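*Asks:* Sequence:
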Amino acid sequence: MKSKFGKLSWIAALVLAASVLSQPSFAQNPKATAAAPSSASVKSQPGAEDRVVLRVGGQEVTQSDMDFLIASLSPQTQEAIQAQGRAPVGNEYALLLLLSQRAVADHLDTQTAIQKQLALDRMKLLAQAEYQNLAEHVQITPAEVSQYLATHKDEFNQVQIREILIRKKPAGAPANAPGLSSADAHAKMAAISKALSAGTDVQQVAKQFDMPNVVMVDTQVQTVREGQLLPALDKAAFSLKVNQVSDPIETPQALVAIQVVGHKQADPPTLSREIESILRQQKLQAEIASLKKAANIWMDPTYFGQKSSDGPAGSEASPTSAQPAGSPR
Numbered sequence: 021m022k023s024k025f026g027k028l029s030w031i032a033a034l035v036l037a038a039s040v041l042s043q044p045s046f047a048q049n050p051k052a053t054a055a056a057p058s059s060a061s062v063k064s065q066p067g068a069e070d071r072v073v074l075r076v077g078g079q080e081v082t083q084s085d086m087d088f089l090i091a092s093l094s095p096q097t098q099e100a101i102q103a104q105g106r107a108p109v110g111n112e113y114a115l116l117l118l119l120s121q122r123a124v125a126d127h128l129d130t131q132t133a134i135q136k137q138l139a140l141d142r143m144k145l146l147a148q149a150e151y152q153n154l155a156e157h158v159q160i161t162p163a164e165v166s167q168y169l170a171t172h173k174d175e176f177n178q179v180q181i182r183e184i185l186i187r188k189k190p191a192g193a194p195a196n197a198p199g200l201s202s203a204d205a206h207a208k209m210a211a212i213s214k215a216l217s218a219g220t221d222v223q224q225v226a227k228q229f230d231m232p233n234v235v236m237v238d239t240q241v242q243t244v245r246e247g248q249l250l251p252a253l254d255k256a257a258f259s260l261k262v263n264q265v266s267d268p269i270e271t272p273q274a275l276v277a278i279q280v281v282g283h284k285q286a287d288p289p290t291l292s293r294e295i296e297s298i299l300r301q302q303k304l305q306a307e308i309a310s311l312k313k314a315a316n317i318w319m320d321p322t323y324f325g326q327k328s329s330d331g332p333a334g335s336e337a338s339p340t341s342a343q344p345a346g347s348p349r
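At position 124 of the sequence shown (counting the first as 1) the number is 144 in this note's numbering, and the numbers step up by one without a gap.
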């Protein structure tokens, strides 16, 4: 079967995943990969984790290594592997190992640029791992959730609306161009608004005023929160009563209005999860800010320019007062 992904796609995906396996933390600890989660499509057989499944020159790759690598690939690539088998992955990974071995033999690993890139890749991986570690240790209590909800209750108000849109004919457009003049559009909107406000069934209103590609009365209800609509419509959505229709907003292309169908608040479980997520992010950012402050970061203003408003504390200090001991003067 021919892969729906080109060879370059396979190689690119594997390069990204292989960089994880090449890190010292894995290379120096064979048990680290055995503990890594594997994807559902590539489950290991019990006791088979240390079985060698690939050999390139003198370098061996175990089943746990490959399982970890495949689990690190994108979901789309894993789907392709599930359909095609692991052979394409093995072939491309073998090529990666072969080329990397050649690079070492050619002493490319001693080049300054490559050494810096390897160090940067390792630092990125460790930073990502520490960020995840910090996030996992953030604790949110039910009391904190309740307090946040009590002080931010209005932020979670929801309104159910339906849209009414009337397309306007562009100035200077031919007579047969779709759309209504501004005056006709306002008259049509007023008639629709009157019918909906009176409680006429929306299906009947949509059928009565139907003009393909010109008049749209949405029969479906959508739920929105404050701030998700255009400012004028947003204000109307949270101030109008049920069945009321907003004043229309005129744009160069159309006339738009909304009808309020109902007011509601998210169900408690959903609300709790959302607030927990907000509080977790706040605590995580506070922890990171504390770490940055304690690190006494200094940035040379002659190189970096004016510091940003969220720049590290002390970045305007002199190098001699802020640099850690042993730093080059």
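Think of the hints as simulated: they come from the structure by calculation, not from any bench. These numbers were taken from a predicted model, which means no experiment stands behind them. Note that the Cβ used here is the ideal one computed from N, Cα and C, for glycine as well. It cannot be assumed that every hint is accurate.
[Said to hold, decoys possible] For lysine to any residue, the following SDA-like pairs were computed, each having C-alpha atoms within a straight-line distance of at most 20 Å: (1) K173 to D287; (2) K261 to R182; (3) K214 to V234.
[Said to hold, decoys possible] With beta-carbon atoms standing in for the labels, derived distance ranges: (4) R71 to E164: 44 to 50 Å; (5) S201 to A147: 57 to 63 Å; (6) A103 to P194: 49 to 55 Å; (7) K173 to I134: 40 to 46 Å.
*Asks:* Hint by hint, note whether the structure agrees.
*Replies:* Tested hints:
| no. | hint | result |
| --- | --- | --- |
| 1 | K173 to D287 | holds (13 Å) |
| 2 | K261 to R182 | holds (13 Å) |
| 3 | K214 to V234 | holds (19 Å) |
| 4 | R71 to E164: 44 to 50 Å | holds (48 Å) |
| 5 | S201 to A147: 57 to 63 Å | holds (60 Å) |
| 6 | A103 to P194: 49 to 55 Å | holds (52 Å) |
| 7 | K173 to I134: 40 to 46 Å | violated (55 Å) |
Of the numbered hints given earlier, the model fails hint 7 alone.
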